[in-house]
Amino acid sequence: MSESLRNDGRIWVPKNLEDVKSIKEGKLKPTAITEENRDYYLERRYPAFGNLVPRDVASRAAKERCDAGYGVNGTGEAVYLDFKSAIERYGKEKALVLGNNNPSDSEILKFGEEVIEAKYGNLFQMYEKIVDENPYKTPMMIYPAVHYTMGGVWVDYNLMTSIPGCYAAGEANFSDHGANRLGASALMQGLADGYFVLPYTIGDYLANEIRTGPIPTDTPEFDTAEKEVSDRLNKLINIKGTKSVDHFHKRLGQVMWNNVGMARNESGLKEAIKTIRGIREEFWKDVRVPGTANGLNTELEKAGRVADFLELGELFALDALNRNESCGGHFREESVELDGEQKGEAKRDDKNFKYVSAWEWTGDPGNSKLHKEELEFNDIELKQRSYK
Amino acid sequence: MSGTKDMNLTLKIWRQKDQKSSGKMVDYKVNGISPNSSFLEMMDVLNEQLINKGEQPVEFDHDCREGICGMCSLYINGEAHGPDRAVTTCQLHMRKFKDGETITIEPWRAKAFPVLTDLKVDRSSFDRIQQAGGFISVNTSGNTQDANATPISKNNADKAMDAATCIGCGACVATCKNASAMLFVGAKVAQYSLLPQGQVEGKERVLNMVKQMDLEGFGNCTNTGACEVECPKGISLENIAIMNMEYLKASIKKEG
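Sequences listed follow chains Z and C, in order.
Using this note's numbering, you'd call the opening residue of the first sequence number 1 and step up by one each time.
Using this note's numbering, you'd call the opening residue of the second sequence number 389 and step up by one each time.
No lab work stands behind these hints: they were computed from the structure.
Don't take each hint at face value.
Here are the computed lysine to any residue pairs in the SDA-like style, where the Cα-Cα straight-line distance is at most 20 Å [what the hints assert, rightly or not]: (1) Lys441/C with Ile239/Z; (2) Lys235/Z with Lys393/C; (3) Lys250/Z with Gln437/C; (4) Lys285/Z with Gly442/C; (5) Lys441/C with Gly26/Z; (6) Lys129/Z with Cys452/C; (7) Lys405/C with Glu301/Z; (8) Lys250/Z with Ile421/C; (9) Lys542/C with Glu114/Z; (10) Lys137/Z with Ile239/Z; (11) Lys250/Z with Leu438/C; (12) Lys393/C with Gly26/Z; (13) Lys129/Z with Glu429/C; (14) Lys270/Z with Lys369/Z; (15) Lys129/Z with Ser425/C; (16) Lys119/Z with Thr553/C; (17) Lys129/Z with Asn424/C; (18) Lys240/Z with Gln444/C; (19) Lys302/Z with Glu447/C; (20) Lys441/C with Asp286/Z; (21) Lys486/C with Ile130/Z; (22) Lys405/C with Asn294/Z; (23) Lys129/Z with Glu467/C; (24) Lys129/Z with Thr553/C; (25) Lys119/Z with Ala545/C; (26) Lys243/Z with Lys441/C; (27) Lys408/C with Asn294/Z; (28) Lys129/Z with Met395/C; (29) Lys302/Z with Lys405/C; (30) Lys63/Z with Arg44/Z; (31) Lys412/C with Cys452/C; (32) Lys547/C with Glu117/Z; (33) Lys243/Z with Glu447/C; (34) Lys412/C with Pro502/C.
Using the sequences and the hints given, assemble the complete structure.
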């Protein structure tokens, strides 16, 4: 849940493993655990920022607690997001606004839930439909998940890709975010690129084409491109293997989650590269795409995407292996602060990695060519992030 | 969580090869479905099963699977988006069904939503209605006014926001006995007519959108209110009243 929802939600797990066990067995309700037996671990570890730490820090902290066995549902991958104190705080505030200086507990609860509903009603409703529990009455169970990729297609300042005339706008390109995607950055990028950049830069490009006229399709270039696409589609259809597209997609997802996820290390990344190559080879030998290449065929469409993911996944791992530092959402276990106040926190290496990695496609993701785009900081001094 | 026991189900699904072919209901069995899985996850299990048997999987629309994109569109046991309220199909969970139940799954049925294949329908008629006026022409030449410079009453801002939550899934049309799109078009018209930015093009907007709606072959509204009941976003019938009022105003003073 984005940034603990503006500091209204408090994140915690039980302090004692016995309580975790009782919860998993259904013998104990989270609301029955007293304050002193709760570990508000973000407030404990990061007293200055508490539940408002950026999502990479909050995600790793949730993973740390769950890896230590404090996860609160059947999968062991869940922490509580609790709105009880926000409901009380808002309830008292609203009572005062309404001139009620001595509200009862039930009035506070009623007013507080109204405020929370006005702020987050749609999210709470979504949660209730998925989990079948009322988040106004019991804390939500949350865990970090894959959202979208940090990175994207290389573009110049006009948002043009390395293919002349082909533009990439919005979250498809790499340009506006750093090593950490923040809340609503994709929305911002879509609006900024769409409203303020493309209306000028595309026009600038097209200005040179004003006398070009219609482009004929009876050219060797067109025929080659068309053949490439139809060959690829026919190849996928004609493999006629034994396993579904989803089968390969899930296997790839598992590798990415385990080895290229919230925490990475050298041996895990090397293993991921090897495994993904294996899955890719198997995919092109054994995938089963039912139906024909003509007409609506969701499985074929999906097969094309998963074929791409199998290449992008390997590049992901390669890029993470190359960057031997912890930076934003990319956390290398080898690169942590060893002592002092920041012990165990991510350690950047600005001396060696102050660049954007732009990888050039060579036909094989394993042999992608690295172009380093240096990052220049003129007005800000680079510093270790601290939320302590 | 409510259910824990896995479920075995019989599915009656509309199968149709393409737009030209005629379709029919086909029976399938799925076993071991977790009551905590979503309806579309259950469909994924069925399709994995069909692919493994060498059969054609069932085509259905889906994308975000968190109730905000408006793609999923199944008519389940005679109800758009199934038996739960204020949900899209992807937000419907199997705990709403019983072990051993037979579930009937059809596509949206409306003249203006022709079936493409199986459970997928062509909803581009909605796009054309939007293109006829569902937008505000904004100047983005660098002197755009700050949004907070124009005060808007809380009441109107809230109503416009509520109207804007329409995701254009088409459940209103599928549910309506007249296959009317009035709730959808009403929401799109009201969203702008409630805001000062929408006033400038207000008249042309409502006239053009209603005209396009009629051209697409949607039926008329007879105020049964079924659309409001099945709408996953709880779009209010009030939006239809707002549209009718805007339409009347624009028709009377067309030249002004």
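Verification of the hints:
1. Lys441/C with Ile239/Z: Holds, at about 16 Å.
2. Lys235/Z with Lys393/C: violated (42 Å)
3. Lys250/Z with Gln437/C: holds (16 Å)
4. Lys285/Z with Gly442/C: holds (17 Å)
5. Lys441/C with Gly26/Z: violated (39 Å)
6. Lys129/Z with Cys452/C: Holds - the C-alpha atoms of Cys452/C and Lys129/Z are around 16 Å apart, at most 20 Å.
7. Lys405/C with Glu301/Z: Holds: Lys405/C and Glu301/Z sit about 17 Å apart, inside 20 Å.
8. Lys250/Z with Ile421/C: At roughly 18 Å apart (the allowed maximum being 20 Å), Ile421/C and Lys250/Z satisfy the hint.
9. Lys542/C with Glu114/Z: Judged against 20 Å, a Cα distance of about 16 Å means the pair holds.
10. Lys137/Z with Ile239/Z: violated (53 Å)
11. Lys250/Z with Leu438/C: Given that 20 Å is the threshold and the Cα spacing comes to 18 Å, the pair holds.
12. Lys393/C with Gly26/Z: Given pair Lys393/C, Gly26/Z holds - Cα atoms ~16 Å apart, limit 20 Å.
13. Lys129/Z with Glu429/C: Measuring from Cα to Cα gives roughly 15 Å; hence the hint holds.
14. Lys270/Z with Lys369/Z: holds (18 Å)
15. Lys129/Z with Ser425/C: The given pair, whose Cα atoms are some 11 Å apart, holds under the 20 Å limit.
16. Lys119/Z with Thr553/C: Holds: Lys119/Z and Thr553/C sit about 15 Å apart, inside 20 Å.
17. Lys129/Z with Asn424/C: holds (10 Å)
18. Lys240/Z with Gln444/C: holds (13 Å)
19. Lys302/Z with Glu447/C: Roughly 12 Å separates the two Cα atoms, so the pair holds.
20. Lys441/C with Asp286/Z: holds (15 Å)
21. Lys486/C with Ile130/Z: Holds, because 17 Å separates the two Cα atoms, which is no more than 20 Å.
22. Lys405/C with Asn294/Z: Status holds; Cα separation ~13 Å.
23. Lys129/Z with Glu467/C: holds (18 Å)
24. Lys129/Z with Thr553/C: holds (18 Å)
25. Lys119/Z with Ala545/C: Given that 20 Å is the threshold and the Cα spacing comes to 14 Å, the pair holds.
26. Lys243/Z with Lys441/C: Holds - the C-alpha atoms of Lys441/C and Lys243/Z are around 11 Å apart, at most 20 Å.
27. Lys408/C with Asn294/Z: Cα-Cα ~15 Å, so holds.
28. Lys129/Z with Met395/C: holds (19 Å)
29. Lys302/Z with Lys405/C: holds (19 Å)
30. Lys63/Z with Arg44/Z: Holds: Lys63/Z and Arg44/Z sit about 16 Å apart, inside 20 Å.
31. Lys412/C with Cys452/C: violated (29 Å)
32. Lys547/C with Glu117/Z: holds (16 Å)
33. Lys243/Z with Glu447/C: holds (18 Å)
34. Lys412/C with Pro502/C: holds (15 Å)
Checked against the numbered hints given earlier, the structure breaks hints 2, 5, 10 and 31 and satisfies all the rest.
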